[in-house]
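Colleague: Residues per chain are reported as follows:
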Amino acid sequence: MADIAFLLIIFFMVTINFEVDKTQVFLPKTEIRLEIPKKSAYISVTESGQIRVSGGEEISVPVHPEDVLSFAADVVARDPQRAFVLKADTNVPYRYVDGVMDSLKQAKAQVIYLLSEQETVDSAASGG
Amino acid sequence: MKFKKGQVDDEIPTASMADIAFLLIIYFMVTTTFAATRGLDFSLPQEEDSPLVDKEESVLIEVQPGGVLVVDNKPLQLDQILDYLKPKLERNPMKPVIIRSTEMTEYGHMVSVFDELRQAPEKIGIEIKNVSIPTQREIDMFWY
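Residue numbers (our numbering), protein chains in the order written: chain H, 9 to 136; chain Z, 163 to 306.
Calculated from the structure, these hints are not laboratory results. It should be emphasised that the depicted structure is a prediction, and the values quoted were computed from it without experimental measurement. Glycine included, each C-beta is placed from N, C-alpha and C at the ideal position. Any given hint could be a false lead.
A few chain Z residues facing chain H, derived, Cβ under 8 Å [unchecked claim]:
1. Thr176
2. Ala180
3. Ala183
4. Thr199
5. Leu202
6. Tyr246
7. Pro249
8. Thr264
9. Tyr269
10. Val273
11. Arg280
Between the sequences and the hints, there should be enough to build the whole structure, so can you do that?
Modeller: In structure tokens:
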């Protein structure tokens, strides 16, 4: 019994993924989905345009849209290779995302991952 | 002399081991979240002043609210874009494709277009190497 229990513990310890950003958003659906590197910096944008950021190790904190640039510049200064994950709601007006993308470009970020869910045949057929 | 009283048990007591193990299992089960850890990657240009492509040479995809697409001033459906791009890409594989969304366009529609372009190798057999998503500031600065 204890052996099985320890096997399970090891499984959970290996697979556990500390989620740095717990913002609830409806992600866009895409067919191409690549694995995001571990410890990427997260920027989440809710449908109402509220932004939260995390450097990848700490829990995300809400920031003002103008402060995204200084956050991104700080992350890039520490690790120029660090990937950014944009976790934006599928219904958020593009101008909010545009502001974030612009900050990342100015901060000389190298790669942005647009977090998404798997597109399925059903969701594609229903237009969403 | 007899030392029976002082004899110690030479085995580690393991009776509570399973209890501890199960407590740990429950802890990990409760804290585990199956987070979404996949997405579309988008590499940003790294040159100091990335050359903005000539408007005449590029294909401009405008994404309007509700997912209405206007490609080079012609309305197209999402699944028609790649067929429209194919002859142009066959002539010039480096043909720049610009995705431009209006302020009120829903983010999801822009992502669908980007996803569609990324599927070009599977759907039309050509990779679209030069996709750019300019921001409003860049458009204001460099557009003409």
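Colleague: In ascending order, which of the hints set out earlier in this document are inconsistent with the structure?
Modeller: When the structure is compared with the hints, numbers 6, 7 turn out to be violated.
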